[in-house]
Amino acid sequence: MATLELQNIAKNFGDTAVLQALDLKLASGEMLVIVGASGCGKSTLLRLVAGLETPSGGKILLDGVDITAADPAKRDIAMVFQNYALYPHMSVAQNMGYALKLRGLSKTDITAKVEQAAEMLGLTPLLGRRPGALSGGQRQRVAMGRAIVRQPKLFLFDEPLSNLDAKLRVSMRAEIRRLQKSLRVTAMYVTHDQTEAMTMADRLIVMNAGKAEQIGTPMEVFARPATLFVAQFLGAPAMNTLLPLKAGLTDAPEGAMLGIRPEDILVGETGLAMAIDLVEPLGSETLIHGRLACGQSLTLRRAGGPPEGSQIFVSLPDQKRHYFDAATGARL
Amino acid sequence: MKSRNWFAHTVLVIGVLLFILPVWVMVAGATQDAGAITRGDLSLIPNPAGLGIFWQALCFGGASKAGYPVWHMLLVSFAMAMVIAIGKIFISLLSAFAVVFFRFPLRKLAFWTIFLTLMLPVEVRIIPSFAVVSQLGLVNNLGGLTLPLIASATATLLFRQVFAALPDELVEAARLDGAGPLQFLWDIVLPVCRANLAALFVILFVYGWNQYLWPLLVASSPAYTTIVLGITQMISPEQMTPWNLVMATTTLALIPPVLVVIVLNRAFVRGLTEVDK
Amino acid sequence: MDRRTIFPGKLLPILLIAPQLTLTFIFFLWPAARALQEAVTATDPFGTSTVFVGLDNFTALFSDPSYWSAVIRTLIFCATVSVLAMAGGLTLAYFAAQNIKGQSWYRVLLIWPYAVAPALSAIVWVFLADPQIGLIGRHLGPGWDYALNGNQAMALVIIASAWKQVSYNFIFYLAALMAIPKTLIEAATLDGARGFTRFAGIIWPLLMPTTLFLLVVNLVYAAFDTFGTIYALTGGGPAGATETLVVKVYEDGFIGNDIGGSAAQSVALMVLVIALVTLQFRLTAKRAA
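Chains as they are written, first to last, in this note's numbering: chain A, 1 to 332; chain B, 333 to 609; chain C, 610 to 898.
For the record, the hints were derived by calculation from the structure and aren't laboratory data.
All C-beta atoms in this analysis are idealised placements derived from N, C-alpha and C, irrespective of residue type, glycine included.
Please note: incorrect hints may appear among the correct ones.
[Unchecked claim] Stretches of chain B that chain C covers, calculated by requiring three or more beta carbons in the stretch to come under 8 Å of a beta carbon on chain C:
| # | segment |
| --- | --- |
| 1 | 355-367 |
| 2 | 377-390 |
| 3 | 426-440 |
| 4 | 507-516 |
| 5 | 586-595 |
[Said to hold, decoys possible] Example chain A residues on the side facing chain B (calculated, C-beta under 7 Å, incomplete):
| # | residue |
| --- | --- |
| 6 | F13 |
| 7 | A69 |
| 8 | P72 |
| 9 | M79 |
| 10 | N83 |
| 11 | A85 |
| 12 | Y87 |
| 13 | H89 |
| 14 | Y98 |
| 15 | A99 |
| 16 | L102 |
| 17 | L179 |
[To be verified] Taking CB as the label site, the calculated pair distances span:
| # | chain 1 | residue 1 | chain 2 | residue 2 | range |
| --- | --- | --- | --- | --- | --- |
| 18 | B | A497 | A | T16 | 47 to 57 Å |
| 19 | A | D15 | C | I681 | 49 to 59 Å |
| 20 | B | L591 | C | I709 | 18 to 28 Å |
Generate coordinates for the entire structure from the input sequences, incorporating the hints supplied.
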């Protein structure tokens with residue numbers, strides 16, 4: 001498996017900087033997830049690595065070799081597309097074997113590799129079928145099989161689960177992660193879904209408007225978000241933000257926004273008074289939406305059923321507080 | 333709503349009959365006696381004894397001005413239609429592929445030049461086209477019959493539209509798999525566009541087979557008379573026209589193109605009306 | 610027009626487009642240039658000398674009343690054929706689009722006339738309409754003879770031309786009708802629209818792009834492709850009653866040997882086609898979008 005290094009990679013379309021200069025290093029066997037909203041530049045980054053776009057500046061090194069100018073076909077990189085991109089007129093077996101056929105492998109070799117990959121993904125009974133006769137989840141697996149069969153240096157995933165229904169998404173993301181780990185492949189995975197990002201990444205990179213806001217392991221990025229954007233992007237429901245002075249909290253730094261996650265807020269006998277607007281029972285936990293005396297809204301999450309009454313007292317533990325510069329959003 | 337269906341069926345059956353009637357008259361008439369027809373006794377009921385007329389028409393050609401048997405003319409028409417259909421599909425495909433999947437200098441100019449040919453159907457440029465063809469020595473041969481009809485842009489435009497609509501991901505996946513452009517064209521584009529290819533074949537075969545004005549000019553020699561031309565030459569106001577023979581020959585002339593349309597009718601309709609994949 | 614994903618390389622595409630460009634130059638642009646050249650020169654009857662006459666051929670053409678009567682004749686012919694063929698196609702398509710048994714059979718049985726050669730369409734109608742032998746024609750009494758009566762000749766070529774073209778319109782209208790989402794029709798029915806009101810208010814506007822597209826195609830067909838039908842049926846007669854512009858080009862150029870005049874007519878026709886086809890291209894682009 002290979003290492004990937006991006007040095008000062010940037011992409012402009014005309015005057016707009018779609019991707020600002022970025023440095024990145026992937027270790028062999030690492031799964032890096034690139035997460036962000038639509039238009040943040042995550043797909044562009046992936047396509048630059050694949051060679052489907054040319055960078056406006058910077059270098060890409062795969063296993064130490066400069067591939068910046070190399071043709072996509074020559075990079076030994078495989079990609080799993082959002083819409084699967086299966087050849088509609090070929091059977092599953094032919095789809096999976098196409099790249100090998102182009103490389104000139106013998107028929108027996110191709111069949112052997114295809115069958116091996118099919119076995120791994122549970123596709124063996126489907127080998128003779130056409131993509132049109134498959135369900136979304138099956139097509140997704142064929143797309144992965146096509147990539148696996150090539151045994152490439154690097155795997156790229158472009159939002160592969162976006163077109164699947166919620167339940168399938170949950171089971172498929174576990175499958176993808178397990179597969180990636182067992183094959184020990186180096187991979188880059190793009191998604192807009194923060195749950196996928198958290199559960200699948202060895203490290204993740206949060207992008208916003210072409211800029212990388214933070215890179216780190218999921219727990220690092222979750223526990224110590226570098227910017228307000230990152231803080232609110234990860235975690236559901238999103239982190240609460242308050243103007244501390246308005247709420248009556250005087251120990252905050254100058255010009256700061258206070259952030260606290262819904263699950264970190266404590267309910268007790270004393271503290272800030274909060275009037276309850278809406279209660280959403282989820283079964284094992286409950287979401288409580290309300291308003292503080294100063295008018296700022298707050299959402300909290302706590303185990304068990306809904307509280308009695310229309311008012312509760314909440315406290316915000318010191319060690320769970322995050323402070324961000326109100327103007328720049330950077331962590332203080 | 334049953335009554336609605338009944339009305340729909342009636343209208344459609346009337347339509348079908350309106351189309352079939354003239355042709356039925358022709359087929360039935362072919363089996364009847366020429367003299368009887370001239371006298372005005374043409375009937376809708378075919379004469380089973382007269383079925384041999386088709387074979388006779390095929391082999392002997394009767395009073396055709398060409399002096400060539402009908403099967404010869406059918407062959408000329410067939411050659412012309414096939415060369416036009418296959419030739420046009422071939423060059424249009426390559427041109428559309430070049431214009432859509434590459435960037436090269438003067439690309440847009442080349443495309444508009446080809447598009448310009450749409451503005452010039454053969455009927456608009458017959459006299460000068462004939463002059464050019466004679467100058468090139470292509471009168472009375474297959475090249476002269478077909479080449480001026482091959483280069484027009486209709487097929488190129490259809491292919492262009494279809495190629496431009498192919499999903500980007502399909503192209504990207506093929507590139508990553510290691511396919512070069514021609515490989516991509518052969519392995520992926522052509523199979524995916526099968527219906528369009530079939531539809532164009534139908535359109536072009538029919539177009540080539542049905543040509544009248546151009547062969548009228550270019551095929552002055554009997555050896556190169558197409559069947560459509562030959563039939564019109566069979567009808568003369570001076571001498572007695574062997575109507576049964578004319579009808580039989582016309583029937584024979586209609587069979588190949590109609591057969592092509594009927595056999596490929598599904599792909600024909602799909603390829604004509606569906607351009608997004 | 611431009612797609613995002615392309616292949617690298619500049620030589621290959623040039624090689625791929627070369628055959629068509631070559632044929633285009635030799636058989637389209639060269640003759641067109643010749644036509645332009647001939648349109649502005651006059652040749653003496655023996656073909657031995659030519660002289661540049663500027664726009665004289667055009668002036669002569671546009672002041673020739675027989676040219677204008679051909680223009681009007683062609684307009685009437687094109688409009689009538691188009692309307693008949695489109696109305697016929699739409700009617701059949703409307704009923705074929707409804708969910709009835711045997712739909713695919715009807716479709717095949719209504720499409721095949723597309724394959725009939727325009728010239729043969731004429732022959733086929735002779736068997737029906739000829740005053741002596743025609744199945745119907747011989748019963749129409751002594752007043753029916755399209756070899757003598759110009760209006761009858763015109764009517765016959767219109768019918769023979771429209772008859773064949775109905776299939777083409779049927780194909781496109783059927784596809785367009787089947788593409789209308791059922792939910793839209795259902796919503797309209799719930800709103801109280803039925804039958805003709807529903808057709809006029811909901812379906813007809815939705816068919817407008819197809820109608821405009823087909824209108825141009827039909828006009829071009831009627832103006833040019835019908836040469837075979839007209840020439841084989843009436844030869845442009847009687848006394849030029851069915852001589853449309855395209856027939857006139859042939860007659861004047863090839864039979865009459867008026868090279869300059871015929872070339873001027875060709876150039877005029879080119880201008881007309883350019884206008885029509887540009888219109889069609891714009892409409893097709895909207896239809897696909």
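Against the structure, the hints come out as follows:
Using a Cβ-Cβ cut-off of 8 Å, 4 residues of the segment 355-367 of chain B lie near chain C, which meets the minimum of three, so the contact claim holds. Under a criterion of three residues with beta carbons nearer than 8 Å to beta carbons of chain C, the stated coverage of the segment 377-390 of chain B fails, only 0 such residues being counted. By the rule of at least three residues with a Cβ nearer than 8 Å to a Cβ of chain C, the coverage given for the segment 426-440 of chain B holds, with 12 such residues. Only residues whose beta carbon comes within less than 8 Å of a beta carbon in chain C count, and the segment 507-516 of chain B has 5; three or more means the coverage holds.
Only when three residues or more bring their CB closer than 8 Å to a CB of chain C does the claim for the segment 586-595 of chain B stand; here the count is 6, and the claim holds. Look at F13(A): its Cβ only gets to about 16 Å from chain B, farther than 7 Å, so that hint breaks. The beta carbon of A69(A) comes no nearer than 15 Å to any beta carbon in chain B, farther than 7 Å, and the hint placing it at the interface is violated. Among the interface hints, the one on P72(A) holds; its C-beta lies about 5 Å from the nearest C-beta in chain B, closer than the 7 Å criterion.
For M79(A), the interface hint holds, the least distance from its beta-carbon to any beta-carbon of chain B being 5 Å, beneath 7 Å. For N83(A), the interface hint holds, the least distance from its beta-carbon to any beta-carbon of chain B being 5 Å, beneath 7 Å. A cut of 7 Å between beta carbons decides the hint on A85(A): the least distance to chain B is about 4 Å, and the hint holds. A distance limit of 7 Å between C-beta atoms decides the matter here; for Y87(A) the minimum to chain B is near 6 Å, and the interface restraint holds.
Annotation: interface hint on H89(A) holds; nearest CB of chain B at approximately 4 Å, less than 7 Å. The restraint placing Y98(A) at the interface with chain B holds, with a minimum CB-CB distance near 5 Å, inside the 7 Å limit. Taken as an interface hint, A99(A) checks out: its beta carbon lies about 4 Å from the nearest beta carbon of chain B, inside 7 Å. For L102(A), the suggested interface contact is upheld, since its CB lies about 4 Å from the closest CB of chain B, less than 7 Å.
Nearest Cβ of chain B to the Cβ of L179(A): about 19 Å, over the 7 Å cut. The hint is violated. At roughly 27 Å, the beta-carbon separation of A497(B) and T16(A) lies outside the given 47 to 57 Å, and the hint is violated. Distance hint for D15(A) and I681(C): a CB-CB separation of about 57 Å, consistent with the stated range 49 to 59 Å. Distance hint for L591(B) and I709(C): a CB-CB separation of about 26 Å, consistent with the stated range 18 to 28 Å.
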